[in-house]
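J.: One letter stands for each residue in the lines below.
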Amino acid sequence: MQLLGAEVREVQAGSKTLKDAINEALRDWVTNVADTYYLLGSALGPHPYPLMVRDFQSVIGKETRQQIVEREGRLPDCLIACVGGGSNSIGLFYPFLDVTSVKMIGVEAGGTGEQLGQHAARFNANGGGRPGVLQGTMSYVLQDENGQIATTHSVSAGLDYPSIGPEHAYLHDSGRVRYESVSDDEAMSAFQLLSRLEGIIPALESAHAVAHTIKVAREMKEDEIVVVNLSGRGDKDVNTAREFLER
Amino acid sequence: MGRITEAFNRLHAEGRKGFIPFITAGDPDLATTEQLLIELSKAGATVIELGVPFSDPMADGPIIQRASERALKHGFGLQELLGVVSRARKSIDTPIILFSYFNPLLQFGVHRLARAARQSGIDGVLATDLTPEESAAFAGELRAHELDLIFLIAPTSTDERLELIARQASGFIYAVSRAGVTGTRENVSAEAEKLVKRVRKFSNLPVAVGFGISNRDQVVDVQRYADAVVVGSAIVLELERVAGGSDVVQRIGDFARDLLPTNE
Chain F
46 MQLLGAEVRE VQAGSKTLKD AINEALRDWV TNVADTYYLL GSALGPHPYP LMVRDFQSVI
106 GKETRQQIVE REGRLPDCLI ACVGGGSNSI GLFYPFLDVT SVKMIGVEAG GTGEQLGQHA
166 ARFNANGGGR PGVLQGTMSY VLQDENGQIA TTHSVSAGLD YPSIGPEHAY LHDSGRVRYE
226 SVSDDEAMSA FQLLSRLEGI IPALESAHAV AHTIKVAREM KEDEIVVVNL SGRGDKDVNT
286 AREFLER
Chain V
12 MGRITEAFNR LHAEGRKGFI PFITAGDPDL ATTEQLLIEL SKAGATVIEL GVPFSDPMAD
72 GPIIQRASER ALKHGFGLQE LLGVVSRARK SIDTPIILFS YFNPLLQFGV HRLARAARQS
132 GIDGVLATDL TPEESAAFAG ELRAHELDLI FLIAPTSTDE RLELIARQAS GFIYAVSRAG
192 VTGTRENVSA EAEKLVKRVR KFSNLPVAVG FGISNRDQVV DVQRYADAVV VGSAIVLELE
252 RVAGGSDVVQ RIGDFARDLL PTNE
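Chains F and V, in that order, are what the protein sequence lines are.
Per my numbering, numbering through the first sequence is continuous, rising by one, with the last residue being 292.
Per my numbering, numbering through the second sequence is continuous, rising by one, with the last residue being 275.
If we strip away everything but chain F, and leave its shape as in the complex, we get (with noise of 0.2 Å):
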């Protein structure tokens, strides 16, 4: 980001993990408002954000959409990506969602255990999860009885955040996606399973997904087609690889 021009500041406000970045985010936005474009890289936040994320990020759907018809003549059976945010499955799942032999499943991290601050399953109601309103978004939230936000737990960077994009939370609630989390060591096994096998490096996001997808294609028939998002590059994360993988 240096090299292409900005100016990184570091967040030193709270538990210093991404929902801290977002809250500096928000009120550096509010203060700078009449000079500053706020973004945001995930489908959350206030209205009309998670609706443009998930319109930019449709195009990954669209052209799924497209290539999997001319390549095999039909659409797949099963679709899973990972859900932090949720930016990459909602842009997976928005074109196909009024497709309903299509099957999707997006998959949440699992953490190092089911105790609140131990994982970042939302949908996990054990673990603490239930709406909420946080960041200008009512979803689902980790969060203690008092409803104070709760810390959170994943070894990948992308998925540890304790909210969920509210569209996700409606298509949990309406049961169109099916939403299962995957813990820290079966995504880590997943990342060098598909490193070797394929020589390709998943982002530790994906490998989350490659990892459900692994469960899930032992259920399927051989003639069944699944679609696993591979939404980023594993290349950013060899050192947190090589730290888990050593201990």
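Note that these hints are calculated values from the structure, not bench results.
Keep in mind that this is a model prediction, so the values were computed, not measured.
Hints may contain errors.
[What the hints assert, rightly or not] The following label-pair restraints were derived from C-beta to C-beta distances:
#1 V:Glu174 to F:Tyr83: 20 to 30 Å
#2 V:Arg178 to F:Phe289: 51 to 61 Å
#3 F:Phe289 to V:Asn198: 48 to 58 Å
#4 F:Leu84 to V:Asp104: 25 to 35 Å
#5 F:Asp100 to V:Asp170: 23 to 33 Å
#6 V:His85 to F:Ala79: 49 to 59 Å
#7 F:Val144 to V:Gly13: 47 to 57 Å
#8 F:Asp218 to V:His85: 33 to 43 Å
#9 F:Ala79 to V:Pro143: 18 to 28 Å
#10 V:Gly13 to F:Thr285: 50 to 60 Å
#11 F:Asp100 to V:Ala201: 25 to 35 Å
#12 V:Gly120 to F:Asp230: 37 to 47 Å
[As the list claims (entries may be wrong)] Chain F is nowhere near these chain V residues, computed Cβ spacing over 12 Å in every case:
#13 Gly55
#14 Gln130
#15 Leu137
#16 Glu171
[Claimed, not checked] Per the computed footprint, the stretches of chain V lying under chain F, defined by three or more beta-carbons under 8 Å from a beta-carbon of chain F, are:
#17 21-35
#18 56-67
Where is the CB? At the ideal position from N, CA and C, for every residue including glycine.
Given the coordinates of chain F, work out where chain V should sit on it, guided by the hints.
T.: For chain V alone, kept in the frame of chain F given last:
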């Protein structure tokens, strides 16, 4: 008629302007908060804003963020916070409003909150991040319990939005002096005065101005055109400075008195 309206009517009849101090509940602890409510009332507060600490205070600058962090270490909930209000209520008649982000209120339950707040002697609620488009259910619960719903307006609010807010607001309207978060500032912007004039086209409610007001000169200047002035971060910063001393409550009372015009 609620206590807030009565308080402003009384001021108006006497040709005076109001003073609204803000403190964060539980900073430095709930026992001190109870004493501070009483002391600020004695110091001449028209209304007291009691901040509900929140983990993610997006609309607040560093001073009130730190106060929230200090308060949250005590791990109390709204029930305990309202207990402090009911105890202070035995000694004071000054209106008290809750100044909160919406999530702690929502998790407590809006119906339960309205009832408990009313019983404890709270007079109104300001939910910083509750937009007027989403406030109908909450407003209904508050109205049913004769509690005022106070809204923020900002220099960036359009006339259409001011009108929408004016239709739902009661008690008073809180005008944010300039675009930005809470915190002390060198100057109060000229935008504040324009905003107050603009909102009066849509509402007869008293208008208070806050965000960034930290000394007597600024208080006097704002009271020239607004019905009341809100001082938050300056008081919270003073509290941070004197906390741990033996005479914290007295010193905050003196600090508040020093903010007011000398003829008061």
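J.: To test your reading of the hints: which numbers does this structure violate?
T.: When the structure is compared with the hints, numbers 4, 6, 11 and 17 turn out to be violated.
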